[in-house]
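2 protein chains.
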Amino acid sequence: MADQKFVATNGETWGHKWGFRDSEFILHTDRTITLSGNRYDLCGMVMPDFIPYVEESLQIKVDPDDVLPEVEHKPVPPPQINPDFLSAVESTFPTDRYSVDSIDRLLHSHGQTTSEEVYKILYGQIDKAIDMVFYAESDEEVVELIRLAEDHNICLVPFGGGTSVSSALKLPKSENRMIVAIDTRRMDKIEWVNTEDGRACVQAGITGSKLEKELYNQGYMVGHEPDSIEFSTLGGWIATQASGMKKNRYGNIEDIVENITVITPRGILEQNQATTRVSMGMRPQNLLFGSEGNLGLITRAIIKIHKLPEVQEYASAVFPSWQKGVDFLQALSRTNYIPASVRLVDNIQFRFGQALKPHPEGFKKLMSRLQKLFVTQIKGFDPYQMCAVTFVMEGASKEVAYQKQNILELSKQHEGLPAGPENGKRGYMLTFAIAYIRDFLSNYHIIGETMETSVPWSKIRQVCQKTKDKLFQLHEKYNIPGQPYLSYRIPQIYHTGVCIYFMFGMYMKGIKGPEVVFGSIEHAMREEIMKNGGSISHHHGVGKLRKDFLPDTMSPASIELIRQLKASHDPNNVFGIRNNVLAD
Amino acid sequence: MADQKFVATNGETWGHKWGFRDSEFILHTDRTITLSGNRYDLCGMVMPDFIPYVEESLQIKVDPDDVLPEVEHKPVPPPQINPDFLSAVESTFPTDRYSVDSIDRLLHSHGQTTSEEVYKILYGQIDKAIDMVFYAESDEEVVELIRLAEDHNICLVPFGGGTSVSSALKLPKSENRMIVAIDTRRMDKIEWVNTEDGRACVQAGITGSKLEKELYNQGYMVGHEPDSIEFSTLGGWIATQASGMKKNRYGNIEDIVENITVITPRGILEQNQATTRVSMGMRPQNLLFGSEGNLGLITRAIIKIHKLPEVQEYASAVFPSWQKGVDFLQALSRTNYIPASVRLVDNIQFRFGQALKPHPEGFKKLMSRLQKLFVTQIKGFDPYQMCAVTFVMEGASKEVAYQKQNILELSKQHEGLPAGPENGKRGYMLTFAIAYIRDFLSNYHIIGETMETSVPWSKIRQVCQKTKDKLFQLHEKYNIPGQPYLSYRIPQIYHTGVCIYFMFGMYMKGIKGPEVVFGSIEHAMREEIMKNGGSISHHHGVGKLRKDFLPDTMSPASIELIRQLKASHDPNNVFGIRNNVLAD
Chain A
53 MADQKFVATN
63 GETWGHKWGF
73 RDSEFILHTD
83 RTITLSGNRY
93 DLCGMVMPDF
103 IPYVEESLQI
113 KVDPDDVLPE
123 VEHKPVPPPQ
133 INPDFLSAVE
143 STFPTDRYSV
153 DSIDRLLHSH
163 GQTTSEEVYK
173 ILYGQIDKAI
183 DMVFYAESDE
193 EVVELIRLAE
203 DHNICLVPFG
213 GGTSVSSALK
223 LPKSENRMIV
233 AIDTRRMDKI
243 EWVNTEDGRA
253 CVQAGITGSK
263 LEKELYNQGY
273 MVGHEPDSIE
283 FSTLGGWIAT
293 QASGMKKNRY
303 GNIEDIVENI
313 TVITPRGILE
323 QNQATTRVSM
333 GMRPQNLLFG
343 SEGNLGLITR
353 AIIKIHKLPE
363 VQEYASAVFP
373 SWQKGVDFLQ
383 ALSRTNYIPA
393 SVRLVDNIQF
403 RFGQALKPHP
413 EGFKKLMSRL
423 QKLFVTQIKG
433 FDPYQMCAVT
443 FVMEGASKEV
453 AYQKQNILEL
463 SKQHEGLPAG
473 PENGKRGYML
483 TFAIAYIRDF
493 LSNYHIIGET
503 METSVPWSKI
513 RQVCQKTKDK
523 LFQLHEKYNI
533 PGQPYLSYRI
543 PQIYHTGVCI
553 YFMFGMYMKG
563 IKGPEVVFGS
573 IEHAMREEIM
583 KNGGSISHHH
593 GVGKLRKDFL
603 PDTMSPASIE
613 LIRQLKASHD
623 PNNVFGIRNN
633 VLAD
Chain B
53 MADQKFVATN
63 GETWGHKWGF
73 RDSEFILHTD
83 RTITLSGNRY
93 DLCGMVMPDF
103 IPYVEESLQI
113 KVDPDDVLPE
123 VEHKPVPPPQ
133 INPDFLSAVE
143 STFPTDRYSV
153 DSIDRLLHSH
163 GQTTSEEVYK
173 ILYGQIDKAI
183 DMVFYAESDE
193 EVVELIRLAE
203 DHNICLVPFG
213 GGTSVSSALK
223 LPKSENRMIV
233 AIDTRRMDKI
243 EWVNTEDGRA
253 CVQAGITGSK
263 LEKELYNQGY
273 MVGHEPDSIE
283 FSTLGGWIAT
293 QASGMKKNRY
303 GNIEDIVENI
313 TVITPRGILE
323 QNQATTRVSM
333 GMRPQNLLFG
343 SEGNLGLITR
353 AIIKIHKLPE
363 VQEYASAVFP
373 SWQKGVDFLQ
383 ALSRTNYIPA
393 SVRLVDNIQF
403 RFGQALKPHP
413 EGFKKLMSRL
423 QKLFVTQIKG
433 FDPYQMCAVT
443 FVMEGASKEV
453 AYQKQNILEL
463 SKQHEGLPAG
473 PENGKRGYML
483 TFAIAYIRDF
493 LSNYHIIGET
503 METSVPWSKI
513 RQVCQKTKDK
523 LFQLHEKYNI
533 PGQPYLSYRI
543 PQIYHTGVCI
553 YFMFGMYMKG
563 IKGPEVVFGS
573 IEHAMREEIM
583 KNGGSISHHH
593 GVGKLRKDFL
603 PDTMSPASIE
613 LIRQLKASHD
623 PNNVFGIRNN
633 VLAD
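The listed protein sequences derive, respectively, from chains A and B. Residues 53 to 636 in our numbering are what the first sequence spells out, letter by letter. Residues 53 to 636 in our numbering are what the second sequence spells out, letter by letter.
So here's chain A without its partners, still in its complex pose (with noise of 0.2 Å):
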């Protein structure tokens, strides 16, 4: 293997680990810990609260002397050049398409799941790499690289942000021809905007944050907001059947999207305009949401567009308990006042938020105490039970102040207590932070990832409680120091049930093979959610991380439908990712 030292090449972010370059928690000698740059809203506050919060959580001592250090000469296994794949490459392509660097094959040969991808990356090594990475510019290169890779025998993967966390990006260990990532970034153009229609069409490599902040130019949004909204791109979402924060008003992504360009090795993909709802007889587009690389890649998309809201406004309120935060959010359910974004943290999430503020000073200060003193002193809120509930509200005024006021007088018959804007954006702000935070607390031996699906309103009780008991179970049974930490909210709301997203972690110092014991408990409580009627994912996929629970989620006859399709359309795998029912 070469031995590289790493210096991140992607611009001004990692590519390696989560997020910016210059964004990374820090912790100081008085045990405050604070966030560098000035990107987020969290940057420059002195957080004194965040690691007693993880100490009392985990039942351990964070020692700011311990640290696991990130493997600086990352091992790269050299690339496996087909050597005339490689001179067909470079009579077709200017130099500046691909590249066999060491770092470049590095970055586009993981993504971000902690057990599988970014632990390995950080402190030991991954498995497999990419042997070329090509930047795609246009529908006719890449229509021209899938033709040199058929004839080739090449494998194909498709790269966007890079930020998948359910191992769609891992390398199958089965592969053996050459491997090349189609990295999309540089397809990243707005190609059109219909403000008369609400449609845009998109090259499939642009990231949320250009995408938004290029409509934002125009007084247009799509709405789409992921948690890497930074950073992922139309086309991975589409791949992964992404949901935004704010669906409730712009919908998931097979709600934004009106018609999806795919290059396949059999062809394009593709209808021929985008459509309003539209019954057309076997739709293959529908079999793109979730398609996780399997088929082809995806170029562009047409998608609903909005005007920028006349207002948005947030708000919050706090709850006796989580159980009366749920009967809340069902009710909210079955009416028309659904803010865009409305989401229930659990206590220990509440309390992670409160852990992430400075320390108030003077008048805030005091109206602080004073906040917590009604809340707690005169309603008699236990501050270990309390759960809150953000929301965003976006619309014309007077559609805000029908929600808003609906939203508070439906809280109130739910025992919920108003608790203002303030405390709504902070919850949203955090969003951003949680994956700094995993990279943050991994160099103090402390392993954490997210994980998340959908459940049925009667389940969620359940679906959380046997998830924590067999994370403590098993967290017990390996002997792991302190205690697991698991904290979940409710990010989504729908009819029929909600998206339950946990946050877990362990203090894993002393485990040997620590990210492996991790990922299997991972799984575990994965089998636990479904086996208690939650699904094998809400939004993040399948990939390979979550293959074994197929089986659990569809027919047989049904896994045979799609390996079927994939084998009569594209015969030579070219596109040999193998994710969901194509995984080993």
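Think of the hints as simulated: they come from the structure by calculation, not from any bench.
The list makes no distinction among identical chains, and a pair is therefore deemed to hold if it is satisfied within one copy or across any two copies.
In silico DSS-like pairs for lysine-lysine, Cα to Cα no more than 25 Å straight-line:
1) 359 to 456
2) 113 to 529
3) 464 to 450
With chain A's structure known, arrange chain B on it following the hints.
Just chain B now, kept in the frame of chain A:
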């Protein structure tokens, strides 16, 4: 051919033409019409204005004595029986499960498409008939029947309500095997209801009316109301990707269904449980919407159910012109107070509604005159330009109040005038009369049909105008008497566009092969629709009627993908009805 005097055997319904046997429009000697029976609000009313409206619209005279006689002795091709299959069926199933009776076969050999189906049955003969009807009562029977069909090289055709208007039930000319229709209507039970999660598991042969009635008795509803709700089935809705009048509140069929069970020759396609929104990799279920009998038999689905709303209210508004109405709808589509149903009818259809009113008497007459005066004299609305929008609002009383107030306010901004709940209710009532009127008018040489498409906001004017031009142009070219009738409405709005629903008709007296001429005009109109930005269908589906337009709808590779899927999953083409991409 067996010469068979026709007696409908489908219980209360005709089966060969639209609707209930006791509900027929009757032309009286004084040129008034009435609707027989007592199923509909319209029944028993004396309507003197309708025949004059028809005569004015078509520029013809309706001669009550010049009736086109229905063929009394329907010729039915003799059944082509595979004797081995027949004896296998006889030894496997009770005798009440199957029939080779000519009338049973005839009733299962077509849908309700005017040109290619109903007109032929009424006044001529169909080309091809089903050879046996199988009345399935359970999944086990379906599995067994499919096994026998595969063993004996039999073609199977799913049959639900028989209300298809896309020639999806028309038998393929190229089919030489014995053809068996599987009538699903004995599989019509609600298997379970889960009110906490808002779900029910329902057998696919249930009709909309039965489904809603049974849920109503438990205080629940689905809210899927296609115009065919009285007769069409859950399985049919999925197979055609149906849309319901109240989709703004309850969703279209793809929004309502959370799990589908389809029995195919290669096993059962289904998920192991219903899922609230899920990302699960490539999802076979997504292919079943619009599958039109191509893959297997849908036997059950898990669907969303809702508590009966606290309030249901109708409302309506009139607008000085079609364009003002469209502008209002577009503005409404961007709000959060879209009612369960909203519908804009053009001036011709507005007057159609007036023509189906009984002559008002006494105070009602006075009020009616005054209203007309106000709208036309004071506000200056041209009675030959004005249009109407009708609304159905459902929900909690405060939700409905919020909608009503804002809708009327918004309509004012677009020069709309409130026209009261009665006119709203009437508009929806007439929905159910359309198909009866088609069959009534065909007695007097008038052939009529409906046709729908989805269109982006920017193309509405163009699609309507060009479609109308094409109709008038061909009407002249074929020397058809009088003038053609064309009316349109917008029954559904979406973010990027609308569904346009056309009603058109012609007086075909003296035209040779009138249904063929009519069909070719319809085909040319669809061509025009698509050329100008409309879609192949909004909710009727593709079937065989619109197969020619699939290459204008999706790419060659997309069509090939579905063909390969079919070839590998049903290699013997047991489900050989050949719709959409599989049509000859």
